[in-house]
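Same order as they appear, the protein sequences are chains V and F. The first sequence: position 82 = 82 (our numbering), numbered continuously. The second sequence: position 351 = 1351 (our numbering), numbered continuously.
Worth flagging that the hints you see were computed from the coordinates, not collected in a lab. Beta carbons are placed, not taken as given, at the ideal position from N, Cα and C, and that holds for glycine. The reader is advised that the hints may include incorrect statements.
Covered stretches of chain V, going by a simulated chain F footprint (3 or more residues, C-beta under 8 Å) [what the hints assert, rightly or not]:
(1) 41-49
(2) 54-63
(3) 66-74
(4) 97-109
Some chain F residues well away from chain V (every beta-carbon gap over 10 Å; in silico) [claimed, not checked]:
(5) ALA1104
(6) VAL1108
(7) PHE1314
(8) ASN1319
(9) ASP1368
(10) GLN1449
(11) ARG1478
(12) VAL1498
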Amino acid sequence: MKSFAIVATILVLAPYGLSADQPSTAGRDVCAATHDRIVGSRTKDRPLPLMSGDEAHGFRPACSVPWNILSPHDEPIPIVACFRGNLLQIENDKACGGGTGRLWISVRWVVTRAASEDSGKVVVCQHLDTASYAGTRGLTPPCVTPSH
Amino acid sequence: MEGPVHPRPAGRGVVIESLLLAAVALVVLNFHPFGAAHLRRHFSQDLVYAWLGDAHWLYPRSSSAALGARQQPRAVVVLVDDTALALRGARWPVPIVFHAEMLAELEVLRPRAVMLDFLLIDRAAPEDACALLKTADRLRGDGIALYLAVARREDLSSLEAPHCLNDAGQPLYPDRLLIPVSVRRQYDDADFVSRRYPFGDINDNQAPSAGLLSAAVRMYCDATAARNRCAAELAGGRLPDAGFELAWSPAADPFNVRWSRTRCKQPPAQTRAILGSGVLPRDSACPPIATLFASALLSPAEDSGFGPRNEQLFDLLENSFVFVGGDFRGSGDLITTPMHTQLPGVYYHAAAFENLVAFDGKPKIREDYRSFKVGIYWYDLLVLWALAGIFLLRERWIATVTLHGDEFFTPSASARAWLAKLIAHTPAVLSLTGLVMVALMLATYPLLQVMGIVVAVVSWLLLEMLVLSRLELKVRLRAVAIYSAALGLSLAVVAFAVWFGYRWLRLPPGDWVGYLSFAIVGFFVAHGAIVDFGRHVGSLRAASHSGGRG
Chain V
1 MKSFAIVATI LVLAPYGLSA DQPSTAGRDV CAATHDRIVG SRTKDRPLPL
51 MSGDEAHGFR PACSVPWNIL SPHDEPIPIV ACFRGNLLQI ENDKACGGGT
101 GRLWISVRWV VTRAASEDSG KVVVCQHLDT ASYAGTRGLT PPCVTPSH
Chain F
1001 MEGPVHPRPA GRGVVIESLL LAAVALVVLN FHPFGAAHLR RHFSQDLVYA
1051 WLGDAHWLYP RSSSAALGAR QQPRAVVVLV DDTALALRGA RWPVPIVFHA
1101 EMLAELEVLR PRAVMLDFLL IDRAAPEDAC ALLKTADRLR GDGIALYLAV
1151 ARREDLSSLE APHCLNDAGQ PLYPDRLLIP VSVRRQYDDA DFVSRRYPFG
1201 DINDNQAPSA GLLSAAVRMY CDATAARNRC AAELAGGRLP DAGFELAWSP
1251 AADPFNVRWS RTRCKQPPAQ TRAILGSGVL PRDSACPPIA TLFASALLSP
1301 AEDSGFGPRN EQLFDLLENS FVFVGGDFRG SGDLITTPMH TQLPGVYYHA
1351 AAFENLVAFD GKPKIREDYR SFKVGIYWYD LLVLWALAGI FLLRERWIAT
1401 VTLHGDEFFT PSASARAWLA KLIAHTPAVL SLTGLVMVAL MLATYPLLQV
1451 MGIVVAVVSW LLLEMLVLSR LELKVRLRAV AIYSAALGLS LAVVAFAVWF
1501 GYRWLRLPPG DWVGYLSFAI VGFFVAHGAI VDFGRHVGSL RAASHSGGRG
C-alpha cells in the first residue's frame, strides 16, 4: 500500500517536475553541424557587422557591409573557420579595406547550409529574356530548365 | 441602556470640531520623531503597486500590451553575462572591444538609443578606444544615440584615442560621440530598497543642462521635442538629492517567459490579490522589463526561437531604448526593489525610463522634494477635514436614532447582562483557563485569528438577536445602515482624494493606506481626545464669558 502511494505520488507530480527546469532554448550549433557555407543574410537587408581579429588577440568590429558586397553574385560564401559556434570566418579580407585579415561574421545574422544538403538536388529555373536565369537564391546545384 | 450622553456638535460646531479632528489626524499621519512615518509610507506604496501595479489606471506602461500593438517607446534590457563574454573569448571585467562588438551587433536591429551601464573609467588602449569610437560614429550616422554611464563628466577622457579617424578621415572624440549620463542610485535609508530615482547629479548653482542628468531622465528628454524644457521641468530647481518615485509592476514582461527558469505567472486579479494573497508584497521572480540576454543575441545556439529571419529580435529591439548592463556573479551591481529581492542594477534605469514614458514625463514625486511643500499638506488637511466632517455627522445621525446614547457598535446592555450571568455561573478556574487557552491558540496560529474574529462577530449578532426587543433591534439596524452609508461616503472621498492626488498632484501612493485606515478606524481613536479637548475649550470660554459679565 505504501509503495503504491509513493508510485502514485511520483506519477502525479512527474509532469510538474519535468516542466520545472527544462532548458529554455535548444539551438543548433552551426560549427558542430559542419555547415560550411553562408547562403544569405538575416538582417532585414541591413548591413552585416563584420569583425576582425582572432582568438588570441580578441575580436573587434571592422565595418558593416551589405550582403551583396560580400557576395556580389548572391553565391554561397565558404566558411573557413568557426569560433565557439557563434562567429564564422570567411575568406574575404578586403570588404572593410585592407589590413583586417580574414573577416568574421556572427552566425546570428546569416543563413548557413551544409554542402551535403544540396547533393543530388536540382534547382528549377527559368530562362529570362534578359539572357540571364532566375532561380532560387544562393543555391549552387545545377540549374535545370523545364523542358516544356 | 443607561450611559453618558456625549454632546453632539451641530452646524458650525461640526465644522470647527471636524477641522480640529482633521488637524490632529494630519499630525498623527505625519508624526515621525524617529523617522517611522517613512516606513508606513513605504509600506503603503509597496502594497498599492504589489496589488494594483499591473492596472493601467495606476501604471499605464505599454509593455503589458501585446508586441506590435505598442504606442509608447519601449525599454529593453540587454544583459551581458559570463556566457556572453565566453562566446567572444572575453572575460570579466568586460573589455572595451566587447562593448564595441555588442554595439555593432545591436546596430543591425536599429534601436532608437543605447545606454551602456558600465563605468569605463580605466584608461583604454588607444586601438580599443578607437574601435568603440568608430562604432559609436556609425551608430550616430544611423541616428542611434549612445549614452555612457559615468561618475563624472571628465570620465570620458579615458576613452580618448589620438589619431582615431572615421571612414571619412575625420577625427573621433568621445565627448562628441558619447552622451555621458549619471547612474547614481538612491536607496531608502530604512530598508535599502530603491524606490526613488534621482533626476541627476546637479549642484544647487547649476542649470539642469549643465549638470549630469540621470540616464533615464536624459534619454527621455532627448526623445522629446523640447529637450531643455523637459530637463528643466524635471530636474530644475530641486534639491540635490531629489528624485521621483518609481512605480513597479508585479507582472513580468511577456517576452521574459521565453527564458525564465521560474514560472512567470501573471499576478492574480486585483480583488483576489487583496483578499487571498496576504497583505505583504510578494517577491516576483520575473523582471517587468523585456530582457534579452547578450548570449542569445550573439548565438542562435543560446536561443534559436527568434524566427528564421530574426523577426522577433527586430520586433523587440527596433526603435526601442536599449539598456545594456551586466549580470556577473560577485560584481555587486544589484538593486532591491519593492518586488524583487535582487535585480541587476541596469533595471533601475530601464524602470525609471518606463515610468517617465508611462506618466508622460510627469512622474510621481514625494512632498519632501516639492518646491511648494506646504501646499501638499494643505491638500491633505482638506481631505482629512472632509473625512472628519463625515465622521462627526455620522456620530450625530446615529445619536438621533439610538436610545439613551447607546453606542450601536458595543454590546447592548441586555447582551452584557446575559454575558455577565453566563460568566457568573461558570467556575472562575474554568473561565480563566478557557480564556488563557484561547489567547494562546490565537497567538500561535494566525489562521485562528481570522476565524476567531468571524466567530466572535457572528456570536455577538446572534446574541443580540436573541436578547434585544424588536424596537431595540430596529434602532440598531438603522444605526448600522447609517454607519455603512457614512463609511461608503468616506471611502468615496478617499478614492477621489487619491485619484486627484495621484493624477493631478503627482503624489505617490504613500498615504493611501493612511487615508483608508483613518476613514475606517482612525477617527474613533482620535475622536475621544478631540471631544474632551473641545469640551474643555468650551468650558473655559463659558467660564471667561460668565466671569467677564460678573
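Outcome of the hint check:
Only residues whose C-beta sits within less than 8 Å of a C-beta in chain F count toward coverage, and the segment 41-49 of chain V has 7 of them, enough to reach three; the restraint holds. Beta-carbon proximity to chain F at under 8 Å applies to 6 residues in the segment 54-63 of chain V; the threshold of 3 is reached and the given coverage holds. Here the segment 66-74 of chain V counts 0 residues with a CB under 8 Å from a CB of chain F, which misses the bar of 3, and the coverage is violated. Closer than 8 Å: that is the beta-carbon criterion, and the segment 97-109 of chain V has 4 residues meeting it against chain F, so the requirement of 3 holds.
The Cβ of ALA1104 of chain F does not lie farther than 10 Å from every Cβ of chain V; its closest approach is about 4 Å, which violates its non-interface assignment. The claim that VAL1108 of chain F is not at the interface with chain V is violated, since a C-beta of that chain comes within 10 Å of its own (minimum 5 Å). Annotated as non-interface, PHE1314 of chain F brings its C-beta within 10 Å of a C-beta of chain V; the closest such distance is 6 Å. With a closest Cβ-Cβ approach of about 13 Å to chain V, ASN1319 of chain F is found to remain outside the 10 Å limit, as its non-interface label requires.
With a closest Cβ-Cβ approach of about 43 Å to chain V, ASP1368 of chain F is found to remain outside the 10 Å limit, as its non-interface label requires. Every CB of chain V lies more than 10 Å from the CB of GLN1449 of chain F, the least distance being 32 Å, so the non-interface label holds. The Cβ of ARG1478 of chain F sits about 55 Å from the closest Cβ of chain V, beyond the 10 Å cut-off, so the non-interface label holds. For VAL1498 of chain F, the condition that its CB be more than 10 Å from all CB atoms of chain V holds, with the nearest at approximately 40 Å.
Against the hints set out earlier in the document, violations occur for numbers 3, 5, 6 and 7.
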